Amino acid sequence: MVVFEHKAEVVRNEEVAPNTFLIELEAPSIASAAKPGQFVMLRVADKIDPLLRRPFSICSINDGAGLVLLYRVVGRGTRIMADTRAGSYLSVMGPLGRGFEAPAAGEECLLAAGGMGIAPLVFLARSLKKTRVTLMTGYGTAAEIVSPAQLGMQDFAVAVATEDGSAGYHGLVTALLEDDLAGTGRKIVYSCGPAAMLGKVASLCLERGVECQVSLETVMACGVGACQGCAVPAAAESGRSSFHVCQDGPVFSAVSIDWEHL
Amino acid sequence: MNQQDADLNVRIGPLQLRNPVLTASGTFGYGKEYADLVDPNLLGGMVVKGVSLKPRPGNSPPRIVETPAGMLNAIGLENIGVEAFLQEKLPWLKTLDTAVIVNIYGHSRAEYGAVAAQLKGAEGVAALEINISCPNVKMGGMVFGTDPAASARVTETVLKNTDKPVVVKLTPNVTDICAVARAVEQAGAHAVSLINTLTGMAIDTETKRPRLGNISGGLSGPAIRPVALYMVHRVVRAVRIPVIGIGGIMDTKDALEFLIAGAGAVQVGTANFVNPRASLDIIAGLRQYCIDHDIQRIEDLIGTLKT
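Going line by line, the protein sequences match chains A and B.
Going by our numbering, the first sequence opens with residue 34, and the numbers climb by one from there.
Going by our numbering, the second sequence opens with residue 42, and the numbers climb by one from there.
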């Protein structure tokens with residue numbers, strides 16, 4: 034796997050829900066090498082403050098050259114990103130990390146997303162046959178929903194859950210997943226979202242003996258395994274005390290993570 | 042004068058470097074992590090991640106938090122241990138044509154000695170850098186580095202157990218860094234490198250919890266550069282052995298400040314995370330500076346501060 038780093042032109046940067054943006058960067062070398070589940074490290078400005086690059090899962094690849102990232106404004110870095118105009122250039126580094134492993138033949142793919150955790154699952158879904166995929170998305174409230182069409186997911190089966198019941202199922206996305214896990218047939222679960230949600234997803238799958246791959250998010254400085262800042266606790270049976278999200282992940286088999294201490 | 046004429050070679054005691062720019066320990070892994078982006082053979086040298094006698098798991102997360110123009114880290118010296126280093130990392134490192142300096146760490150003086158002994162005669166290891174300045178481990182590290190006499194004893198022990206040049210990496214978390222520098226010089230250190238990180242902390246005001254699992258961490262990045270520069274300035278005047286300047290160096294101008302202050306070489310650390318090619322950019326920038334200022338040997342620039 035080869036890592037590239039270069040300045041990439043911002044092709045578009047549009048607000049797709051309040052405080053939620055899709056940014057597309059012209060980065061053909063990274064885009065053509067990227068696999069679903071991999072991420073990039075983005076420098077939001079050519080300044081020393083904020084200092085560090087930010088990790089973003091790749092949301093989709095547009096025409097083999099456009100790197101599409103989904104983000105919500107949560108802090109200083111993403112605020113600067115939100116103010117970035119098309120035509121400006123940002124340094125991007127990638128593709129990084131280990132992505133999702135492909136499902137076995139005949140397996141039904143259940144994709145469970147919490148909030149911005151939808152990003153890597155979109156890339157994954159679009160790499161799979163749509164008849165095999167069910168995408169379940171969880172949001173706090175209806176206003177946060179990013180429409181499937183904006184993510185290129187209009188032809189996929191997409192279910193929505195909101196915590197306040199303002200759209201779709203009233204409750205957590207994990208409840209939707211629990212329902213879908215009840216049916217017969219071989220299934221595999223792919224999930225990304227907040228840690229508490231992933232812990233629940235992992236336990237639902239472990240109880241049922243269903244294979245589950247999760248994409249984890251942590252703070253990161255380097256993205257390539259040099260700083261060891263992105264450690265997450267490993268399950269005892271993995272034979273490791275911790276994993277580095279940037280190198281060992283960001284995608285992990287749910288059984289290898291120590292969910293209690295995450 | 043053409044480009045080839047600028048001579049960037051520097052000597053750090055017995056160590057000959059092709060240019061004065063090294064990557065700092067803990068910020069560049071074992072070089073391979075960045076190999077797609079940075080040809081290590083272009084560097085003056087590479088100080089690899091600190092190794093201890095036994096593997097260490099490191100601290101509980103979170104281990105990193107961004108701060109104004111800087112970052113706090115509390116990695117806790119997670120590393121694979123010296124044996125695995127020799128078996129898994131050194132074979133590739135010794136194929137490189139650059140000075141590989143191994144940063145070593147111990148819980149006790151005896152452990153520092155034992156790590157040094159294991160690296161004795163190791164082909165491909167140009168020098169050792171003794172880490173007596175890590176703020177993120179409970180035993181060893183900074184406990185030694187804040188005490189001149191203890192620093193000297195660790196230095197002596199390592200020197201007894203090695204055939205390599207020894208650089209001692211100093212902590213800024215002391216009242217008088219010159220006293221520690223002088224003590225390790227007297228103990229026989231070939232050079233000192235400074236500064237390691239400044240101890241600091243950050244609190245999440247919503248949860249009221251520290252933002253690092255270890256509570257405190259080490260501050261690095263451009264935020265600490267003026268502090269580092271002044272300490273280098275002072276230590277250069279306090280000792281005769283070469284001084285390697287470290288602390289928030291992001292670009293050529295930053296590196297030049299340290300060289301003019303008297304550092305014989307510099308280490309680039311946190312900048313690697315931001316711009317993996319920072320060291321290469323700095324090397325090119327130093328060459329250009331020499332050409333622009335009609336400096337034939339970069340060594341002629343070192344310590345030219347006018348006061």
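Each hint should be verified, as a subset may be incorrect.
Unchecked claim - Covered by chain B, per the in silico footprint, the following chain A stretches (three or more residues, Cβ under 8 Å):
| no. | stretch |
| --- | --- |
| 1 | 34-44 |
| 2 | 62-70 |
| 3 | 223-229 |
| 4 | 242-255 |
What the hints assert, rightly or not - Some chain B residues judged to face chain A by a derived CB distance under 10 Å, without partners named:
| no. | residue |
| --- | --- |
| 5 | Asn100 |
| 6 | Glu119 |
| 7 | Ala224 |
| 8 | Val268 |
| 9 | Thr293 |
| 10 | Arg328 |
| 11 | Gly344 |
By construction, these hints were calculated from the structure, which means they are not laboratory data.
The structure presented is a predicted model; accordingly, all values stated were derived computationally and were not measured.
Yeah, the Cβ is synthetic: ideal placement off N, Cα and C, and Gly gets one too.
Hints and how they fare:
Coverage of the stretch 34-44 of chain A by chain B holds [criterion: at least 3 residues with CB-CB distance below 8 Å; count 4]. For a cut-off of 8 Å, the count of residues in the stretch 62-70 of chain A with a CB near a CB of chain B stands at 0, and the three-residue condition is violated. Counting residues of the stretch 223-229 of chain A whose beta carbon lies closer than 8 Å to any beta carbon of chain B gives 0, which falls short of the minimum of three for the stated coverage. For the stretch 242-255 of chain A, the stated coverage by chain B holds: 5 residues have a C-beta nearer than 8 Å to a C-beta of that chain, and at least 3 were required.
The interface hint given for Asn100 of chain B holds, since its Cβ lies 8 Å from the closest Cβ of chain A, which is under the 10 Å cut-off. The closest approach between the C-beta of Glu119 of chain B and any C-beta of chain A is roughly 5 Å, which is under the 10 Å cut-off, so the hint is satisfied. Hint on Ala224 of chain B is violated. Least Cβ distance to chain A is approximately 31 Å, over the 10 Å limit. For the restraint placing Val268 of chain B at the interface with chain A, the shortest Cβ-Cβ distance is roughly 15 Å, beyond the 10 Å limit, so the hint is violated.
Because the smallest distance between the Cβ of Thr293 of chain B and any Cβ of chain A comes to about 14 Å, over 10 Å, the interface hint for this residue is violated. For the restraint placing Arg328 of chain B at the interface with chain A, the shortest Cβ-Cβ distance is roughly 22 Å, beyond the 10 Å limit, so the hint is violated. For Gly344 of chain B, the shortest C-beta to C-beta distance to chain A is roughly 27 Å, which exceeds 10 Å, and the interface hint is violated.
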